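Given the coordinates of chain A, assemble chain B onto it according to the supplied hints.
Which chain is which? The protein sequence lines are A and B, in order. Heads up, the first sequence stops at 379 in UniProt numbering, and the numbers go up one at a time, no gaps. Heads up, the second sequence stops at 1102 in UniProt numbering, and the numbers go up one at a time, no gaps.
Source of the hints: derived by calculation from the structure; they are not laboratory data. Some hints could be false.
[Unchecked claim] Only some residues are given here: those of chain A computed to face chain B with a beta carbon under 8 Å: (1) E48; (2) P65; (3) R90; (4) V95; (5) R123; (6) T126.
Just so it is clear, the structure is predicted and the values come from calculations on it, not from any experiment. Using N, Cα and C, we set each Cβ at its ideal position, and we do this for glycine too.
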Amino acid sequence: MTTSTRGTKVPAVLVLEDGRTFRGRAYGAVGETFGEAVFSTGMTGYQETLTDPSYHRQVVVMTAPHVGNTGVNDEDPESKKIWVSGYVVRDPARVPSSWRSRRTLDDELAAQGVVGISGIDTRALTRHLRERGAMRVGIFSGEAIADDASLLARVQDAPRMEGADLAAEVATKEAYVVPAIGEKKFTVAAVDLGIKGMTPHRMAERGIEVHVLPATATADDVYAVDPDGVFFSNGPGDPATADGPVSVMRAVLERGTPLFGICFGNQILGRALGFGTYKLKYGHRGINQPVQDRTTGKVEVTAHNHGFAVDAPLDTVSDTPYGRAEVSHVCLNDNVVEGLQLLDQPAFSVQYHPEAAAGPHDAAYLFDRFVSLMEAERA
Amino acid sequence: MPKRTDIQSVLVIGSGPIVIGQAAEFDYSGTQACRVLKSEGLRVILVNSNPATIMTDPEIADATYVEPITPEFVEKIIAKERPDALLPTLGGQTALNTAISMHEQGVLEKYGVELIGANVEAIHKGEDRDLFKGVVEAVRAKIGHGESARSVICHSMDDVLKGVETLGGYPVVVRPSFTMGGAGSGFAHDEEELRRIAGQGLTLSPTTEVLLEESILGWKEYELELMRDKHDNVVVVCSIENFDPMGVHTGDSITVAPAMTLTDREYQILRDVGIAIIREVGVDTGGCNIQFAVNPEDGRVIVIEMNPRVSRSSALASKATGFPIAKIAARLAVGYTLDEIPNDITEKTPASFEPTLDYVVVKAPRFAFEKFPSADSTLTTTMKSVGEAMAIGRNFTEALQKALRSLEKKGSQFAFTGEPGDKDELLRAAVRPTDGRINTVMQAIRAGATPREVFDFTKIDPWFVDQLFLIKEIADELAAAEKLGPELLADAKRHGFSDAQIAEIRGLREDVVREVRHALGVRPVYKTVDTCAAEFAAKTPYFYSSYDEESEVAPRERPAVIILGSGPNRIGQGIEFDYSCVHASFALSDAGYETVMVNCNPETVSTDYDTSHRLYFEPLTLEDVLEIVHAETLAGPVAGVVVQLGGQTPLGLAQALKDNGVPVVGTPPEAIHAAEDRGAFGQVLAEAGLPAPKHGTATTFAGAKAIADEIGYPVLVRPSYVLGGRGMEIVYDEARLEAYIAESTEISPTRPVLVDRFLDDAIEIDVDALYDGTELYLGGVMEHIEEAGIHSGDSACALPPITLGGFDIKRLRASTEAIAKGVGVRGLINIQFAMAGDILYVLEANPRASRTVPFTSKATAVPLAKAAARISLGATIAELRAEGLLPRNGDGGTLPLDAPISVKEAVMPWSRFRDVHGRGVDTVLGPEMRSTGEVMGIDAVFGTAYAKSQAGAYGPLPTKGRAFISVANRDKRSMIFPARELVAHGFELLATSGTAEVLKRNGINATVVRKQSEGEGPGGEKTIVRLIHDGEVDLIVNTPYGTGGRLDGYEIRTAAVARGVPCLTTVQALAAAVQGIDALNHGGVGVRSLQEHAQHLIAARD
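Here chain B stands alone, though its shape is the one from the complex:
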């Protein structure tokens, strides 16, 4: 029974911006699904506000709407496109919630749109705690296995307090209903914690509902990924076991596939329960994820939850097994059954089977607590990690050590030198799950802890504990051996030791270890991920390394290009870089090369085995990359290695690769140095006659003070050798400078602090450009909404620039060209400028694909990363223009006057973090990047585009209601006009006394409200924080007071985050918002697909 013939067009909803708990995995899933549906001959209509995705590339869908994922906008799209069906299970919780809300509002019925891939009843049964409990009970009645943790549903704090007694006391788990990534859930050990967590949970839950549960802390935790078709065929795609026992969100746990410590009997119970649940819930077609807890004492099985949709775990399971869940879910949704779908990898066998693995997969989370120093780093049932790395090995130790080095973070790998510390202290520390607990455990083992002690303190399964002991014993052997013999070396490699680790243990240099290893002939082989443990021949070259006997890399004839990806997502290096790598793969494949992708991030499109000719799922360290280059060199000609598209990770390897004789294509390592080294780059600027802000370097306070005195405050200070603005701060006076130097641990004679003049009131500008050695193609010019001083990744920006004239663009073009030429770029370059007064300062240049490449590409309808990849391999801009990859005439600096305005807005993860006292973290933007993702708003005029970007990022701007304004003195002048506009639009203004006074003097009426510090008034007048919590404020404008007074706004901003009220923290954002509100109030905000925008642009260009 092949596909349904009654569906000709389908609307797919994406997951929107990357946020913690909902990240790049939905780009992978969504891209797969859209491609499948398109290949089935359906018209695919896509909505996703996230420009950094492959799925929003115009060729993936027939009509791509980069519009906010809100019921209002999706309805506009439905009204325009009239799709037959809506597929809501591939865009995470965002898509599911939007679809449900449109169903409930009757929109789907009104337009005759059928929900496919899930039905509303099943979604409710899967997601509603109470209904799901009923499901589990029904399953137990049928098959005699599975139960829910004892629990009570609560709708108020009274319910919550009574509930604890029903459950028999603390600790209890609090889980709010209908939130994604477990947002707002946590463990409460006493009443104070309970009030806080449950209070927030009630607020976060759209149905004001939380569940209190008995604690199953320390139990073994498992997940199953299942798929079901319309004939009720069900398969379990993958089992996953958590290394960290119950208590840590699975997204924050180290996880292992397949399950390692279950007998077949216990595994089959989980499987039976899983299958019974997917049937009972009624997931008609598609995938679901079910989580279990198993009591290590007696095997009692508790079903924790299910997700009736594609999820982060399903992306991981797809990469871990080679079974593409999203792709198959899409086929099932349009009517196929599992046995009608071929297994991509064998091509001969059907998808109605269960993958079996002859390797071990380990996923390790990547955190960003260093970006949020005040946040509590304890891991709980609320997900906090920002990315993950996956590694494959022929055993657990190999996979684990590869995963840890894939995290690419200082201290993530096990260290075996130096004093481990006090055993008891280490064990006590290991009780608290946090980033790097596994390293603490290893140190405890080194300090003499027994396996029993490790289990007692951490509840990590004894088998896993023994594996850590095994690693430690090999480290001991390495240290004790007289010399590095071939057997010992091979044994160490088989258990995942890197050359660097061995070098550290032996007191050698890494390259010396490598030379010895190569001399002894100890090299990895590459095995295939084939879904079937070699039972059938694999057609798909999806490889992982292992120190085993036989390699499966086949010879090839065409020249290969090896593209290095960007590794785990982290703040500052995310999905945008994956986008560029994927584009390079597509473009180079079109140009006749064999493309070879190297990456270790399971969330991404780049690690889909369909993306490149060959995929190596490997860590991005020098050692691992050199071995892949070696293996591919043996297989056939290698045209080069692309390092400039995957962000800093591959860029950092460029010089070492070249030193090892690897052909690095594109911008040469020397040019990368010229852009990154301050001295060398200063030279480039000086030769081109371009100004940079005055700066100096110092290693002491006295030195820093002397520089600051000379160049004048405010100054921008930062440690050298950091990324993503880490530790960067704007310092307004000498006292703060002294404190900064004193607090900074990173500063030393070899690591000086950089002191730059901070350009107050400057307009910041980002430029993405291509350079081939002779010609410059200006990709796009972005004008930041916020002024300089806010990290470009956290700042909203507009393209084309909204206040720059032709003369400015001309200057930017000339400067960009001079820098590209001076540095020696061959491919992409991103330059940040600051316009202060009439002077155009150069802030920095990055000779690589930038975070904004996908945004620029989409805004201008030109595939910059594709062009960059081609230029890297020798094509010229003129050739690419002739070929049609680049526009024949003009570039991103010469966009027609009626070109659409695109606005990029950053999305911040504030609501995810709490400090150790359980209070929110502050939301003020600064020079250190903290956003996890971005959205794009596109429309004919700036105001509408900005309004769309806000709707996409944080929810719609209010068009009426109450606006609270409290700004720093320096912002008071510029606040007056936008405030007046708000009043004109019918807003009631609330203000603190100081701001209100200024407003009144300017003839603007504002109600004075009490500050938090003033407390409740004598007549019960609420403070502003109370008003926000009570939902009486619709818009908040609160700019930080430079230094010192920051805490005044802290309570306001955290309340805004908790309540989800739009909160603008710069006066520029206020001005933009007012334009947006104006656009919304004038009505008629329409939707337009990227394809339509592109058609318009191309017509205007030619």
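If we strip away everything but chain A, and leave its shape as in the complex, we get:
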């Protein structure tokens, strides 16, 4: 069922796995959906958020009340489709306003079959998730609405995010190439675990030809493109399940090829180095997070979208099978590890999103850092 709910008052109900319930109106598609309830605090960039594959199987609660104001355009999506499994907003726009807008968000959600809910106290829901942690949720609208107890039972039957291996579900099935913009200087093999469109674009801007490979790519696949550097992308799910990518990364580390990872890629580097990963209570999702680059002391305002983090010691250099490693970046809000780097090898990663989209461009220098590693290796 994918009818638009614009202008209608179809009732909808949101049920959390602990039983808390919010009643509002249907938004986007009418029907039912399940996922992990997470909140995102960005005030701009809903199109990028919706199409970020890392949100696969998550129901995203927008803390900003007005969503949809600039409609939907054809330039800003980060992938080919909307990945969130459900969308929760307070005040959806009735009329979009932007010279780039092509259609309304409401219609887009409905067209892609994304079930949402509007008109609920999103702040109360956010505070609930902050205090109790991210949890499973269901949204039901129209004919999907039933008595509270049976809805709750269905939410409690839905799969959990812990232990979920999702990268392959969202990644490309076929390898493809993003050509360098201008003169080509380097070739990078990018393992797609849920990559956002802006990431290869940021590399291409720097003269990198990016070979985007499926999540199932082997070390042989990676080296088949004769890369100057290897990149591991962001993506959904529990890093503890990503044994395949971890072994590919170990192979890259063995060969000492320049390596860069973002988000899921950071967790994979953590695991490859022998660190653990763990689930944060409610994650970091927003575009205002202060991260300190411990190599320079400077603070950058950054885009985050992660529910898991690497468990590495903040203030000591660790010995790993690939030489010494240290925590290069840390979130100043809660001291969560936001970046790792090897001291004896050209490899580093960050937990947040230097490609932004949505979000500030403060961390774009990290792509330059990757380029420098490849330059140094070539020299």
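Quick look at chain B alone, frame taken from chain A:
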């Protein structure tokens, strides 16, 4: 890297008197900064001439100089205090300009004072149009975004006329360099307008420089507030979008935070450009504000300007986000970095982040065009509003409607009943931006305009237009519904409808709607402003209401006192009332209460979340206040609600609050009525045997004439039920009385006109006093410089009174006590007396904190508002004396003979306004208040104190040069002695023929100059107006000729305003000025801090 250790003392410059474009926001910023610096262990030296500020409270700084903010006086302070550093970015343009001028004169170098928070080069780059254009070009070269509007810099009218051709024709924007609040800028659609605006702009600009720009009228307008630390960490604190598109000064626009109609890509471009600009300009540490225009057709971004300092917008951004920009700027200035400073609200996370909002903030400007009927009310790039209200809601419609009702002005809320009018006419009217355009747009929508039409005529963004349609559709639903069901009611409340609006639509009484709503359980919840959209727990109870699900008001145990603030600043009700509310909060907190502040004015100290235990950023209407009282009653015990410190706004709610069972503390509503109702107050006076001027009320000319005939002309006439002397006039004859009645639209059988005998030649006296039911504490007695007939708010005054003797004070004390007792005051009362001959008349009494409370408190070193708050909650004056809050012995009526003399001078906004023909508005003082602010001069003797007050208000009195004198016949006698003194001080006198004749007969030589009406002489002799414009006159004395002849002086006075020449419009002011000039010429005018004054006073008292 924590704070610098090489700075032990810092001089902070305030912003001086409240003027349009530079108002209470700098008290908020300055107070925050001073407190922070003090808590860092620095010795804080403050200079600010504005007594009505919290920042000039003696406990805020270590040494507080209420002295003129001029390079001369600031140098004296530096010489005396020898500070290590000067922080100039928190006192607006005034502080910045003063600091730059002292730097250029070498004063800072001479005394080894380091400028912190900004460097001179950065200030120049940010403020100089040409340099800033270079900055924007450099930024574009680096990041590929941002450009300036095409423009030309002009230094003469020839340049200006040529410039228009370069830009490709009209319309063009004219912007003078280095003026504050956009003074003197405007749109020129043709050569005539261009000559006028650019001519004035060249004059206003201290560098005789204006910029002509391509028109970007109708584009989307945005602002970003940024902060940078010494490690080059930069954060964007807030984005603001203007509801009114380009063409209206942002201070006059309805503005919204965060930006509503930008995609992330476009927003990040603004952010990148903003960050690149703050770096390129070189603001080392601190905040800046950058304004952008975005073309709605293609997104082309133009950078309009930047302010390398704390500004009105940064105060708004601080209140809108909970991120205290001034406080953090002060910390950055002494060496901290953003990541070393904790976020006050979460306490756990650092300030090196960007606030994210889960609510919408709307600011709406408040204008005072009714005070300047001849002024052109079209909004332009010159700021004209006198205050603002801010509202927070969970969506735009809720915030907007709350903001409009916070303005507390008739017609400011949307109305949905009655005929809207003709659609086309309404749309055409909406093209011209003016006060209340949004209401015109709403009426056009009601009259059938389409969204497209509204956009085409106004260029208001389609998303905002749709929000107006949404509001209108809900109004329609409300009107059409069979009954008020819970869902519809909740929906209406969620979109900001007030009970009063719903009542109007449904044809019900407001209290009936409220009862229905409560019965249906539709009540607001209170959410927290927490900087982080609930990502982290907030420790600071900074609340706003919303019709949502979950409330965040925490239970408490200690009894709470709810203090109602004064709402948006307006002429007649400004920062002085905020001062009293803040003092009450401090005093009651010290006395063990939980203090709860309610206010909707983002400029103020009262709405700083640090001021009270809890802050409700809410409109001050009965509905909103009742809901807060309800919420706080659920949270814990409520000791009472204080209504007498925030001016007329809360006072007007007193009776209704009491009727709704709310415990109003202090002077009871019945007593307020006894003072405000003419009949009841007459009774009080009669019982006390006190005389009031003869008066009567009439509804027709015949009735008014009969009264005037009986009591004799001149008479003071005014409509009943008005504030701030609105529509008040002194009428000298019957013809004018007839005209007044005919012109007045406010007079009707239910709204009679009041006719009072006008006491010509009377001395007006203001008294502030405390009364606890048994004892009177005379706070202070102020003698007005101007005689009765000029609104007390516009009149200069002296404390202690300079010509009243002990016997007079005794009479004033007895009368004050009789009135306070008769009315039933518990707290503060302000009484205005007029001494005519030997009779002491009572003009009026206000049973509340008055405008003069901060002045009186500072002049006598006694915190009257604090004492009033305590008395309201049951303390007695005797107890407060014992406690030390009030002096042990004596009061403001028994000041020692060598007590310093304090002079208050009002500051007028004349230069801000033009009539529709572009001519200035007249500057004559009258019974209607029009000043926006005040300064205080304090010194050992009157002359020096007066001279300081003039220097603080208008610039220093001249000590030599040419004085032009032209006075009304009635003033000619009293002019002779001061004129003789001017000559003795070496002034050359210029006079019109009539005045010159009188002077010559008295042996005083005066050069006759041509009147404006006489035109230029045969030999090219200039008229007086020409002489003023050419800078050949240093002092102007021009008193209005009663009735009729007023226009003769009009040109002179407006020329004086345009040129900034001191212009005295009463002969009393001349006499005072002569004493001031005398003091200045005798040299040795020193500076003395309030703390030193207080020490002296306390020593003399004990």
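Results for each hint:
Below 8 Å, beta-carbon pairs count as interface contacts, and E48/A has one with chain B at about 6 Å; its hint therefore holds. Satisfaction of the interface hint for P65/A is found here, the shortest Cβ-Cβ separation to chain B being roughly 5 Å, below the 8 Å cut-off. The interface hint given for R90/A holds, since its Cβ lies 7 Å from the closest Cβ of chain B, which is under the 8 Å cut-off. The restraint placing V95/A at the interface with chain B holds, with a minimum CB-CB distance near 4 Å, inside the 8 Å limit.
The beta carbon of R123/A comes within 5 Å of a beta carbon in chain B, closer than 8 Å, and the hint placing it at the interface holds. Proximity of T126/A to chain B holds as hinted, the smallest CB-CB distance being about 4 Å (cut-off 8 Å).
When the structure is compared with the earlier hints, no violation turns up for any of them.
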